[in-house]
Amino acid sequence: MNKPSSSQKRKTTSDYDAARERFSQRKDKVAESLAVYTPTRTRRVPSGPRHIAGIAASEEVWRFAWRNDLITHLETAVRLAKENFKPIEGFHFTYDIDPEIENESYITIRANVQGTVKELLPKDWSYSQTLVRTLPKDKLHLIHFSPTVG
Numbered sequence: 000m001n002k003p004s005s006s007q008k009r010k011t012t013s014d015y016d017a018a019r020e021r022f023s024q025r026k027d028k029v030a031e032s033l034a035v036y037t038p039t040r041t042r043r044v045p046s047g048p049r050h051i052a053g054i055a056a057s058e059e060v061w062r063f064a065w066r067n068d069l070i071t072h073l074e075t076a077v078r079l080a081k082e083n084f085k086p087i088e089g090f091h092f093t094y095d096i097d098p099e100i101e102n103e104s105y106i107t108i109r110a111n112v113q114g115t116v117k118e119l120l121p122k123d124w125s126y127s128q129t130l131v132r133t134l135p136k137d138k139l140h141l142i143h144f145s146p147t148v149g
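Take the sequence shown: its position 109, counting from 1, is numbered 108 in numbering that gives the first Met the number 0, and each next residue is one higher.
One or more of the hints may lead you astray.
With a Cα cut of at most 20 Å, we get these calculated EDC-like pairs of lysine to aspartate or glutamate [what the hints assert, rightly or not]:
no., residue 1, residue 2
1, K136, E88
2, K138, D14
3, K136, E74
4, K85, E59
5, K138, D97
6, K138, E88
What follows is a list of derived Cβ distance ranges for each label pair [as the list claims (entries may be wrong)]:
no., residue 1, residue 2, range
7, D95, R132, 39 to 49 Å
8, R40, K81, 38 to 48 Å
9, S145, R40, 38 to 48 Å
10, E74, D95, 28 to 38 Å
11, R40, E74, 14 to 24 Å
12, R78, R40, 21 to 31 Å
13, V116, W65, 32 to 42 Å
14, P121, T71, 38 to 48 Å
Hint data in this document are derived by calculation from the structure and do not stem from the laboratory.
C-beta atoms are modelled at their ideal positions from N, C-alpha and C, and glycine is treated no differently.
Sequences and hints are given; from them, build the entire structure.
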């Protein structure tokens with residue numbers, strides 16, 4: 000085994016001088032300034048009411064529908080209501096919280112329908128059956144339809 004000699008272990012003075020030179024160059028440098036960004040307050044432009052299936056939706060209806068991925072399912076439910084209940088008009092959405100069941104809320108599609116109860120019951124049955132076959136099972140309890148006979 001060859002042991003390095005003491006002269007090999009020591010660095011030469013020129014090595015120390017070079018290191019000192021590099022350090023002094025860094026010491027004299029000033030750090031670059033950071034860009035400072037001050038947030039400016041911008042007024043949020045109020046957007047008009049959002050629409051689902053061409054029907055204006057309130058902010059809470061929109062948030063609930065978006066959070067639960069219901070936008071396309073609400074469009075389907077409205078389309079099926081228009082197909083099953085003719086004539087139908089005055090659509091609007093409401094966000095409802097069930098007072099009897101804890102943490103249960105849903106969107107109700109409300110509309111005015113024409114006809115007698117005897118005429119409307121088969122239409123309601125047809126609508127319900129089609130909706131159950133069309134929508135995913137986990138979304139059915141989040142959408143209700145409430146026709147008003149007028």
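Structure-based check of each hint:
no. : hint                   : in the structure
1   : K136 x E88             : violated (27 Å)
2   : K138 x D14             : violated (75 Å)
3   : K136 x E74             : holds (16 Å)
4   : K85 x E59              : violated (29 Å)
5   : K138 x D97             : holds (16 Å)
6   : K138 x E88             : violated (24 Å)
7   : D95 x R132: 39 to 49 Å : violated (24 Å)
8   : R40 x K81: 38 to 48 Å  : holds (44 Å)
9   : S145 x R40: 38 to 48 Å : holds (42 Å)
10  : E74 x D95: 28 to 38 Å  : violated (19 Å)
11  : R40 x E74: 14 to 24 Å  : violated (37 Å)
12  : R78 x R40: 21 to 31 Å  : violated (43 Å)
13  : V116 x W65: 32 to 42 Å : holds (36 Å)
14  : P121 x T71: 38 to 48 Å : violated (27 Å)
Hint compliance for this structure: hints 1, 2, 4, 6, 7, 10, 11, 12, 14 are broken, all remaining hints hold.
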